[in-house]
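S.K.: Single-letter residue listing:
Number of protein chains: 2
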Amino acid sequence: MGIGDDAAIINLPLNSKAQLVVASDTLVEEVHFPGDASAYQVAQRALCVNLSDMAAMGAAPRWFTLALTLPQGKANEQWLKGFSDGLSEIAIAYNCALIGGDTTAGPLAITITMLGEVPLGEGLVRSGAANGDRVYVTGILGDGAAGLLAARKDKSLNCIDNTVSERLLLSFYKPHPKINIGLKIRALASACIDISDGLVADLGHICKSSGVDASVHTSRLPIHPDLEANFQGQCVDWALFGGDDYQLCFTVPAEHYPMVDDWILLGELDATWIGSIIPCSDNSPAVLVDGVKSQERERGFDHFDQ
Amino acid sequence: MGIGDDAAIINLPLNSKAQLVVASDTLVEEVHFPGDASAYQVAQRALCVNLSDMAAMGAAPRWFTLALTLPQGKANEQWLKGFSDGLSEIAIAYNCALIGGDTTAGPLAITITMLGEVPLGEGLVRSGAANGDRVYVTGILGDGAAGLLAARKDKSLNCIDNTVSERLLLSFYKPHPKINIGLKIRALASACIDISDGLVADLGHICKSSGVDASVHTSRLPIHPDLEANFQGQCVDWALFGGDDYQLCFTVPAEHYPMVDDWILLGELDATWIGSIIPCSDNSPAVLVDGVKSQERERGFDHFDQ
Numbered sequence: 091m092g093i094g095d096d097a098a099i100i101n102l103p104l105n106s107k108a109q110l111v112v113a114s115d116t117l118v119e120e121v122h123f124p125g126d127a128s129a130y131q132v133a134q135r136a137l138c139v140n141l142s143d144m145a146a147m148g149a150a151p152r153w154f155t156l157a158l159t160l161p162q163g164k165a166n167e168q169w170l171k172g173f174s175d176g177l178s179e180i181a182i183a184y185n186c187a188l189i190g191g192d193t194t195a196g197p198l199a200i201t202i203t204m205l206g207e208v209p210l211g212e213g214l215v216r217s218g219a220a221n222g223d224r225v226y227v228t229g230i231l232g233d234g235a236a237g238l239l240a241a242r243k244d245k246s247l248n249c250i251d252n253t254v255s256e257r258l259l260l261s262f263y264k265p266h267p268k269i270n271i272g273l274k275i276r277a278l279a280s281a282c283i284d285i286s287d288g289l290v291a292d293l294g295h296i297c298k299s300s301g302v303d304a305s306v307h308t309s310r311l312p313i314h315p316d317l318e319a320n321f322q323g324q325c326v327d328w329a330l331f332g333g334d335d336y337q338l339c340f341t342v343p344a345e346h347y348p349m350v351d352d353w354i355l356l357g358e359l360d361a362t363w364i365g366s367i368i369p370c371s372d373n374s375p376a377v378l379v380d381g382v383k384s385q386e387r388e389r390g391f392d393h394f395d396q
Numbered sequence: 091m092g093i094g095d096d097a098a099i100i101n102l103p104l105n106s107k108a109q110l111v112v113a114s115d116t117l118v119e120e121v122h123f124p125g126d127a128s129a130y131q132v133a134q135r136a137l138c139v140n141l142s143d144m145a146a147m148g149a150a151p152r153w154f155t156l157a158l159t160l161p162q163g164k165a166n167e168q169w170l171k172g173f174s175d176g177l178s179e180i181a182i183a184y185n186c187a188l189i190g191g192d193t194t195a196g197p198l199a200i201t202i203t204m205l206g207e208v209p210l211g212e213g214l215v216r217s218g219a220a221n222g223d224r225v226y227v228t229g230i231l232g233d234g235a236a237g238l239l240a241a242r243k244d245k246s247l248n249c250i251d252n253t254v255s256e257r258l259l260l261s262f263y264k265p266h267p268k269i270n271i272g273l274k275i276r277a278l279a280s281a282c283i284d285i286s287d288g289l290v291a292d293l294g295h296i297c298k299s300s301g302v303d304a305s306v307h308t309s310r311l312p313i314h315p316d317l318e319a320n321f322q323g324q325c326v327d328w329a330l331f332g333g334d335d336y337q338l339c340f341t342v343p344a345e346h347y348p349m350v351d352d353w354i355l356l357g358e359l360d361a362t363w364i365g366s367i368i369p370c371s372d373n374s375p376a377v378l379v380d381g382v383k384s385q386e387r388e389r390g391f392d393h394f395d396q
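These protein sequences, in sequence, are chains Z and V. Anchor point for the first sequence: position 80 equals 170 in my numbering, and the numbering is continuous, going up by one each time. Anchor point for the second sequence: position 71 equals 161 in my numbering, and the numbering is continuous, going up by one each time.
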């Protein structure tokens, strides 16, 4: 399986019972992170973002290559040690190994290609959602957008106290890839995606791939109390359209609701039921927010618009 | 097998009889190609350079991901069509498929991660050269360095006629990856590398990995008559230290000389015997050029030195 999902799935040669999962993501300075980010922070974010693609596929991460483009001013031991520390901390935590890559001179950019594996046919894709499935998201939404503002030292965040801004900064530079959740749900979810471009945009990708609409309810969106307290006017928009959350959005057919709800109730799965898959009403599969389909708002984050 | 060779070799899970080969290479504008290169040229070079790593491993290329970072001015249909045409022409010629990637805004850079396969244990590595092995190179050397000058429209090339400069430009933008040679020699070569940083630097990598010296003779170096005619003073240096040739340098144990020499004689293998592997004389494995070991000259091309 090639282009069009979070990663590619490859049938291994010679009748192996596993499939390889491959994804590449690039982070460019001033586009994906501010110029004053530390090497340690940049490395962690680069690896976590790529691991999130594995989570979205239900894959176990195994190996990665690193293509590091570095300006002269950063090609020094101190910068490289910070980068290496950040990278190896995450690689150890998620049990994946750096297996190669390239180092070149140029404007700071990091491309990681992550390889993982899934049992044959068990990879989670975007195209399996069907009418009647429930839509769930993991964790909380909106922290990614607020975290980006924190990373940019945006004035709108001056009102919050240090504990909150530290949590937001950490969510930006070290988003927690939901690998274990991907592995847990892969046998029963019908579709899955990671929320990197915003819930509406990414759930919209599931809708398009599956030929269905999705109806979500803003009242159900899981948002951190800190955001609700400090950013009442914006936090729902951040949760819907903000991007950078790196949570999973997945759909579950009726036969598996009880299992998923049991897991949630027992604290074994950190996820929230936010809506349902419905038939597509107008040949243009998309997300309805509180009953309203808004083609315009669902584009999500587009770096070329910056 | 991880870092330290042209690519990583991965044992496939569940007792598969093939191994996956993975390599990443980045090309940055103004570092690896001039700013006036066409999208078509850049795409071809990016893919060929990565394919050359597969050739060096004796691997059959299968799949690749593309991480394309593009400035606003190039994010248009015309540029992308040129890029896509160049990429697909090479992908078809070498039977490998684009399976995913990422597109981001930023200074022009291309990272390709190439995946290939080799039968279990048959991958060519740098560490197998032994005393008495012969050293061979494929094709001709020095065209890469001259091609870089041609791409930069360097004045020193004003003396040559158009046919020659066109050939050099083509060798720069569309280096011919020696995939078939890699496949042909993988059963009998003891070590192999592609010459991207210059013969002495890359053969030096084989020496270091294998704990041996290599002795090469400049009189044996295969250099195109055009270069010998026009650049008598420089062409040997280009062949030794110039880089960008993307030929293979490989070593062959005594038991396999006859086969290799037969292939060369019959025109089935475009390669030249340029020297031999000898015991390391001083605990610092390196290349001797016409009997002289020159640690200083063997660094090869270092982009950070530019």
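Some clues are possibly wrong.
In this list, chains with the same sequence are indistinguishable; a pair is considered to hold if it fits within one copy or across any two.
Using 30 Å as the maximum straight-line C-alpha spacing, the simulated DSS-like pairs for lysine-lysine come out as follows [as the list claims (entries may be wrong)]:
| id | residue 1 | residue 2 |
| --- | --- | --- |
| 1 | 264 | 171 |
| 2 | 171 | 298 |
| 3 | 274 | 171 |
| 4 | 298 | 274 |
| 5 | 243 | 264 |
| 6 | 383 | 164 |
| 7 | 298 | 383 |
| 8 | 107 | 171 |
In short, the hints are calculated from the structure, not lab data. Fair warning: this is a prediction, and the values are worked out from it, not measured in the lab.
S.K.: Against this structure, judge whether each hint is valid.
M.R.: Results of checking the hints against the structure:
In this assembly of identical chains, the alpha carbons of residue 264 and residue 171 lie at most 30 Å apart only when taken from the same copy (18 Å versus 36 Å across copies). Taking CA atoms no more than 30 Å apart as the test, residue 171 paired with residue 298 passes between copies only; the shortest distance there is 25 Å, against 43 Å inside one copy. In this assembly of identical chains, the alpha carbons of residue 274 and residue 171 never lie at most 30 Å apart, being 35 Å within a copy and 41 Å across copies at closest. For the identical chains of this complex, residue 298 and residue 274 are intra-copy neighbours only, at 25 Å inside a copy versus 46 Å across copies, given an alpha-carbon limit of 30 Å.
In this assembly of identical chains, the alpha carbons of residue 243 and residue 264 lie at most 30 Å apart only when taken from the same copy (17 Å versus 45 Å across copies). For a Cα distance limit of 30 Å, the shortest separation of residue 383 from residue 164 qualifies neither inside one copy, at 47 Å, nor across copies, at 33 Å. In this homomeric assembly, residue 298 and residue 383 come within 30 Å of each other (Cα to Cα) only inside a single copy, at 14 Å, whereas the closest approach across copies is 63 Å. Taking CA atoms no more than 30 Å apart as the test, residue 107 paired with residue 171 passes in neither setting, with 39 Å inside one copy and 38 Å between copies.
Comparing the model with each earlier hint shows violations of hints 3, 6, 8; every other hint is respected.
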